[in-house]
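Student: Sequence:
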Amino acid sequence: MRFKLIIFICFPFILLGCDNHLFSQFFRNPHIVDMFSTKKIKSVEWSKFNVDVTALNRNQMIRLIFDGSEPENLTFSTEMIASDSAYDKDVFVSSKWPNFEIEIEIVATSSEEKKYQFRPKGQSTGILFFPESDIDLMGLKFTTIDIRSNVSLDNVNATWISYTSK
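Quick note on numbering: this note's numbering labels position 81 of the sequence shown as 75, and the sequence is numbered without any gaps.
Treat the hints as calculated values from the structure; they're not laboratory data. Check before you lean on any hint, since a few could be wrong.
Lysine-lysine pairs mimicking BS3-like chemistry, simulated, CA-CA at most 30 Å apart [stated by the list, open to error]:
(1) Lys109 x Lys42
(2) Lys135 x Lys90
(3) Lys42 x Lys108
(4) Lys(-2) x Lys109
(5) Lys(-2) x Lys108
(6) Lys108 x Lys135
(7) Lys(-2) x Lys34
(8) Lys(-2) x Lys115
(9) Lys109 x Lys135
(10) Lys36 x Lys135
(11) Lys42 x Lys115
(12) Lys90 x Lys42
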C-alpha cells in the first residue's frame, strides 16, 4: 500500500522530469540561449546572423548587450506614439552617444521562413526586445536574426530568453 502511495505521489514528477519542456513550463525556468557575439554591427546596414533557437516557453525576449548599453551608461524613457494608440515607444539614450536616440530593429526568421519583428521595450543589462505582435511563438524554431541600428554597435552579444511567467 505504501509503495502505491509513493508511486502515486512521485509519478507526476517523474513524467515531468522526463520532458525538459514540460519540466521548464511547470517550474517556470527560463530557457536561455546565447545566440551570437560579434565585434561590430555597422550603422544603417542590416546584419544577418544564423542561429539555432527554439521558443520553448510562452513568452520570448531578446537581450542585446553592446558597448554603451551598460545600465550606468544607458537611460530610457517611454513616449506615447499617439494619444489614441495602445502602443508606446521606448527611447534609449547612451552616454556613448549623448543626446542621440538609439534605434535598433530586430527581425527573427523562423524555419518556415516567416518573419517576426521584435521591438525594444525595456532595459536590463542591455536592451530588451519583445515580439511586436501577440502571435504565439511557442514551439517555433528560429534560424536567422537580422539587426539594424542607426549607430554602429561594438562588442555585441545577443541572448534569446524564453520564459513562462509574466
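Student: Evaluate each hint against the coordinates.
Tutor: Comparing the hints with the structure gives:
As the CA atoms of Lys109 and Lys42 are separated by approximately 13 Å, the hinted pair is consistent with the 30 Å bound. For the suggested pair Lys135 and Lys90, the alpha carbons sit about 35 Å apart, so the restraint of at most 30 Å is broken. For the given pair, Lys42 sits about 15 Å from Lys108 by alpha-carbon distance, which is consistent with the 30 Å threshold. About 50 Å separates the Cα atoms of Lys(-2) and Lys109, which puts this hinted pair outside 30 Å; it is violated.
In summary, the hint linking Lys(-2) to Lys108 is not supported, as the alpha carbons are separated by about 49 Å, beyond the 30 Å threshold. A hinted pair counts as satisfied when its Cα atoms are at most 30 Å apart, and Lys108 with Lys135 qualifies at roughly 10 Å. Only pairs whose Cα atoms come within 30 Å are accepted, and Lys(-2) paired with Lys34 is rejected, the gap being roughly 60 Å. With a CA separation close to 50 Å, the supplied pair Lys(-2) and Lys115 exceeds the 30 Å bound.
Only pairs whose Cα atoms come within 30 Å are accepted, and Lys109 paired with Lys135 is accepted, the gap being roughly 12 Å. The suggested pairing of Lys36 with Lys135 holds, with an alpha-carbon distance near 27 Å, which does not exceed 30 Å. Distance restraint check for Lys42 and Lys115: the Cα-Cα separation of roughly 22 Å lies within the 30 Å cut-off, and the hinted pair is therefore satisfied. Restraint check for Lys90 and Lys42: the C-alpha separation of about 24 Å stays at or below 30 Å, so the hint holds.
The structure fails to meet hints 2, 4, 5, 7, 8 from the earlier list, while all remaining hints are met.
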